[in-house]
Amino acid sequence: MSLLPLRDYGTDSHMKRRLTTLCAALLTLCVGGGAAAAAEDDSLAAWKAGVKVGPVAPAADRHTIHSYYLACPESPDGRHLLFYASTAANGHEGQIVVRQRASGDETVIARGITTEDAHRAACQQWISQGKRVAFHNVRDGAWAVHVVELATRQERTFAPGRQLAFGQPAGDWLPIYGCHWKPGPHRDLELLHAVTGELQKPVTIAAVERAYGDWLKRQFDGQPTSIFFPVVSPDQQRVFFKMAAGSGGDEFRSKAASRREGLIAYDLGRREFLFFRERWGHPAWHPDSKRILEAGNLLLDVENKGQAARIPDLPALRGCHPAVSPDGRLFVQDGLSDGVGGPPGEWCILIGDVRGGAGRYEVLHRFSNARGARSWRRNDPHPVFSADGRRVYFNVSDGEWTQLYVAERGGP
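Everything in the sequence shown is counted per our numbering, starting at 54 for the first residue and increasing by one.
Hints may contain errors.
Said to hold, decoys possible - Straight line, CA to CA, 27 Å or less: simulated DSS-like cross-link-like pairs of lysine-lysine: (1) 254 to 358; (2) 295 to 308; (3) 308 to 235; (4) 358 to 343; (5) 235 to 270; (6) 358 to 270; (7) 254 to 235; (8) 235 to 184; (9) 358 to 295; (10) 343 to 308; (11) 235 to 343.
Note that these hints are calculated values from the structure, not bench results.
Build the full structure now, drawing on both the sequences and the hints.
In structure tokens:
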């Protein structure tokens, strides 16, 4: 700030009074600024009181399911919600719906969807800064990736024989892979451009076998393997995935359809492997694209061969799916609430400080998760932050129908 010229202060007494006032104002500014900085640093404060929790689309006789903890159902601009809706008890057949948050008006953008399970639904996700929606579907036994242009409702079909994993809502490139139970010729990691349909193969199965062949043979008893479930980093320069050995049959709705394990990170720009871990929990990218948050409150350093550091003094819920807030300060996870003193079988949504520390967490919601869609692989809550960090979305299966919920923080 600039000070008035000395000549404007008048007499000595006037100068003293004005300097005293100025000093008091500066002190108030410093103290207030410090308090504001402290409040800003306490990212949990807005989640401690005034949090509103409830279903986003209260309606009877249907499931409303968001796909996974790796993709937010809210559009990048915050105006719309994307979810899979189904009136089938098992949730295996349904529609892709876009809902306006303000009005509640809904538009069905794709019908006749068949899913592998109710766990990830159709892997529906926002892409192209919210201009498009991508999902996968199986029709007459044939899998493919689909992209809908929201402005025109035009649906295009790409990549027959592949499934969709998770890209980024700001990008146009989608990570795809061969069906894990029977990949056929599609054993590599491919990237599909949602506008042009261009296909790239940044990572081949041959490269993975050269790098980690001994482990693959031990883990999968010498069976052929394929790259499974690739997830692109926020900066779209990296990807992680796991490996799968399929049964070779045609039945994909079975836990025996394939064996899946391992966590491999790869740099798309430098075209090199970054690290490998033998176990896959539920990894999620940190917004800095340099770390991965893994189940058990582990932060893996991508640039340091996956070195793990545990977030200290916070509960690690059993069965959890973790996700980091867009500003990197908080993380959210689901899981059994016995880790925070809950009764047997109860689930909860927990939000915590990424820095850790005793008591640096809040439980946002507790519920039964034992009902909902009667799929062979049940749906989990899969919590995830909105793009502005003010809301957490998750699925709840405490009644006949699995429902998409939102927890919205209090405070300014």
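Measure nothing beyond the straight line between the CA atoms of residue 358 and residue 343; if it is 27 Å or shorter, mark the hint as holding. holds (11 Å)
Decide if the proposed pair is consistent with the structure: residue 343 and residue 308, CA atoms, cutoff 27 Å inclusive. violated (32 Å)
Is the straight-line distance between the alpha-carbon of residue 235 and that of residue 343 27 Å or less? violated (33 Å)
Holds or violated: residue 295 to residue 308, with C-alpha atoms at most 27 Å apart: holds (16 Å)
Assess, step by step, whether the Cα of residue 308 is no farther than 27 Å from the Cα of residue 235, and give holds or violated. Distance of about 14 Å is within 27 Å: holds.
Given the proposed pairing of residue 254 with residue 358, does the C-alpha separation stay at or below 27 Å? holds (23 Å)
Could you grab the alpha-carbon distance between residue 358 and residue 295 and see if it respects the 27 Å cut-off? holds (16 Å)
Compare the distance between the alpha carbons of residue 254 and residue 235 with 27 Å, and conclude whether the hinted pair is satisfied. holds (19 Å)
Going straight from one Cα to the other, do residue 235 and residue 184 come out at no more than 27 Å? violated (32 Å)
Hint check: residue 358 vs residue 270, CA-CA at most 27 Å. Holds or violated? holds (22 Å)
Pair hint residue 235 and residue 270, alpha-carbon separation not exceeding 27 Å: OK: residue 235 and residue 270 at ~18 Å, within 27 Å.
Violated hints, in rising order: 8, 10 and 11; the structure is consistent with all others.
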